[in-house]
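Listed in order, the protein sequences are those of chains A and B. Taking UniProt numbering, the leading residue of the first sequence gets 1, the next gets one more, and so forth. Taking UniProt numbering, the leading residue of the second sequence gets 1, the next gets one more, and so forth.
Be a bit skeptical, because a hint or two may be false.
[To be verified] List time: in silico DSS-like cross-link candidates among lysine-lysine, alpha-carbon distance up to 25 Å: (1) B:Lys-223 x A:Lys-265; (2) B:Lys-156 x B:Lys-123; (3) B:Lys-223 x A:Lys-518; (4) A:Lys-518 x B:Lys-265; (5) A:Lys-223 x B:Lys-331; (6) A:Lys-331 x A:Lys-265.
In short, the hints are calculated from the structure, not lab data.
Listed below, chain by chain, are the residues.
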Amino acid sequence: MLTRTCLGGGAAAALSSLSPSIRRCSFLFPSVRQTLLLPFSPRLASYRISPSPRRFSASAAVATEEEHKVAVAVKPPQWKAAIDFKWIRDNKDVVAANITNRNSNANLELVLDLYEKFLNLQKEVERLRAERNAVASKMKGKLEPSVRQALVEEGKNLKEGLVALEEDLVQLSDQLQLEAQCIPNSTHPDVPVGGEESSVARKMVGNPKEFGFDVKDHLQLGKDLDLFDFDAAAEVSGSKFYYLKNEAVLLEMALVNWAIAQVSKRGFTPLITPEIVRSSVVEKCGFQPRGQNTQVYSIQGSDQCLIGTAEIPVGGIHMDSILSESDLPLKYVAYSHCFRTEAGAAGAATRGMYRVHQFSKVEMFVFCRPEDSDSYHEELIAIEEELFSSLGLHFKTLDMATGDLGAPAYRKFDVEAWMPGLGRYGEISSASNCTDYQSRRLGIRFRPTPPEGVQNPKKGKGAGSAPTRFVHTLNATACAVPRMLVCLLENFQQENGSVVIPDVLRPYMGGLDVISPK
Amino acid sequence: MLTRTCLGGGAAAALSSLSPSIRRCSFLFPSVQQTLLLPFSPRLASYRISPSPRRFSASAAVATEEEHKVAAAVKPPQWKAAIDFKWIRDNKDVVAANITNRNSSANLELVLDLYEKFLNLQKEVERLRAERNAVASKMKGKLEPSVRQALVEEGKNLKEGLVALEEDLVQLSDQLQLEAQCIPNSTHPDVPMGGEESSVVRKMVGNPKEFGFDVKDHLQLGKDLDLFDFDAAAEVSGSKFYYLKNEAVLLEMALVNWAIAQVSKRGFTPLITPEIVRSSVVEKCGFQPRGQNTQVYSIQGSDQCLIGTAEIPVGGIHMDSILSESDLPLKYVAYSHCFRTEAGAAGAATRGMYRVHQFSKVEMFVFCRPEDSDSYHEELIAIEEELFSSLGLHFKTLDMATGDLGAPAYRKFDVEAWMPGLGRYGEISSASNCTDYQSRRLGIRFRPTPPEGVQNSKKGKGAGSAPTRFVHTLNATACAVPRMLVCLLENFQQENGSVIIPDVLRPYMGGLDVISPK
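Given the sequences, and given the hints that come with them, work out the whole structure.
See the structure below:
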């Protein structure tokens, strides 16, 4: 799933959580903790030297000069997540423990501090508005010119102060938003606490295959069978790119066709998605499109990126919309190419096709009611297990530990398959329940159907209808082609150097049952 | 084929020659026509004020001060095409007529002028080298100290002058290279002269279908059958992006699978290619990756681009190599996604799927001996015609006029199919013979097999082997998916709103024979 925003935790070898962002999750400057409750000079000098010092609030009275120096330099967020600040404040200990468990660098204290200041400033603004209105009322009657003049002055000062405070309120709200965006999703109570090594195997299918000969790795098999060309791609594109050749092309097509067919017959709507998306959508899905260690390729001269997974465009397909409850669940199976910079990835563990810059993937995605997301999570992992079993792979399914969860995930199940040539298990898929983390950013809600019998005769917008709720989103890999190629080539190699095609794929390869040396 | 470098000609509606680059094809500055044959100050002041003015060449003697001011500001090319300057000079009139016929902005006079200057400067450099050697020889014997001192001085001046002239030679060679790269390929004698309207129909297959009802265009059909979503894609990615949904996904997969199967059974090697390539490879294929009107998406912070067609990575697969004659022809059928900015494209002619930023395409590509390229060109267009006939389309094949040829093409055959919803013919494929235009840039040669009986007993590098020659390259669309979708939906719509799937595609869609309203 690429690097997630603001997340500390992560597992080196995971397809889903590569190179966690090392970026410090603070958008603020050192002095920000003294965030003003007061406007600052020189704009408000006239207000501050007003003859009516009582108009300053109590807190204003103790404001230090330093507070007035706090800079305005917070870049406003391009979009806002619908974060439930009140819930965070009221569940402070739970949130703090969760941040710790997930190795997140979110700064809860700062968020709470900003939130309190935000509330206070909001109150102050409301108070000043009331005062300004009071002054305006007083001026309605007949008045001595000197009294009127004093009221005019006072009203003017109040208005200026109010304008400034309102601007500060916007800024404080921006700071709060940016800091709070770093807080990871909450965690399913059954998720094991700890680093990647604490992940718990849920299921084990099959056994490592016994070979009566020296096994080759997929790179050697690919070379002997003329299936891919990394060397030419290194010249044309760069390292970690590749051409697929001959039967490898048919195998990729077969895997994609088979995966789409298998998943769509379970009620998922097939999609082919855009592979260039706005960077804001990447962010809203919980990925970090910018910065030194980003996994995301950006398009020059635009605000667009290449997708690292179809999760992004599929998550975005219902962005900023209110679905009706009867539409849910919406289940999609999406085919796309995926592009990742793989900044920082290197070493033998990433040999050959295991970690590459471009690959094809079939991804499942579900939008559902909150109360259903746990069961759809089980459905998704069950589909993955069925798919990989039918290919004849040996694999285990893991309930990933807190330290390995990306910020959006409430719970994540990974599948690791045996790769005899590499001599280890390698991640081939990942299924995450993101609950409302993405929907609060993407703005995807649903309107609950009113219970039977509760007919409301009123018409008009929202009349009598239940308040909207955020949907839950889940994503899961059906087939990440290069990892599948590694598995198929390495597991189904024969002593004579050929590779047997799994039965289920043969109908998609014109009946081809074996790849033989040319 | 996207915009080609330095080309004037072009047809608005052509998939292959969109928005021809309006960039002036001169890399030089206004003063460049006075390109120096002499080094310039201040670096060479010492040489120019040398006490031996006779060491200046005759042309140097007439050099004006202006020439010394000519700046060094030509950006050296990152790569060099193996351009046959001598042939250009010796066939000046042919080349000039070709440039005119093809509406090219190439500046032949400038190229010839630079070439002559280059040759002269080269001679001058050789003369100076000889002189310096002569001075060095003179110093070998016993000499009066004053004579030796004079020789030392002279040798030093000569050396300094030489260094400077050699640098100028490099620069002149760079200028020559950049200007000469603008000269388009020569043109097949049978190509009709003129603008797009002069293109000649080679073949006409079928007739426009008669409908007993009001036909819908593909956009309406796609909407009614829930096959694509442009609106969501506009939010997530931008305008002219789209999601394919439901049967459209199956149809795309079927088209790709079918095209690969059909072409590979004719002896073409299947490939899946990188979609991110170095921009130099894009240039070497004759496309312009930079500039305001480029059709090419660039990756931020790298020298990489997204491909606009698989022609680029396939052309690059044998970059900088010498093939053996017995390897030829090399025939590939490549599947890739293609990305185009479509800068400047707009209007009703580009409605819906007709012109989009991202699409899937199956492309044929041939590397062959020069004497075979005409016949492979015929083979490629014949394959296209067979493919489109078997889908049941009505189309015509055109021999494109000179004004419509991109710079790399020696000859181009387009196929235009009837699109009843759009009410016009639209380009669905293009087959180009690029002769040695791309191979001279990509550095792809072959070594001819010596004739039978001519056995050479000598060993060692190149001993007795024939000199290498540049291969010819050809490219041709097998299946550009969105244009196919337009054709299939619009041509095979039924009165009840359903769309019949062509027989040949049904095996690739699990037997599905019709797309019906849900």
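Against the structure, the hints come out as follows:
| no. | hint | verdict |
| --- | --- | --- |
| 1 | B:Lys-223 x A:Lys-265 | holds, 22 Å |
| 2 | B:Lys-156 x B:Lys-123 | holds, 20 Å |
| 3 | B:Lys-223 x A:Lys-518 | violated, 47 Å |
| 4 | A:Lys-518 x B:Lys-265 | holds, 16 Å |
| 5 | A:Lys-223 x B:Lys-331 | holds, 20 Å |
| 6 | A:Lys-331 x A:Lys-265 | holds, 11 Å |
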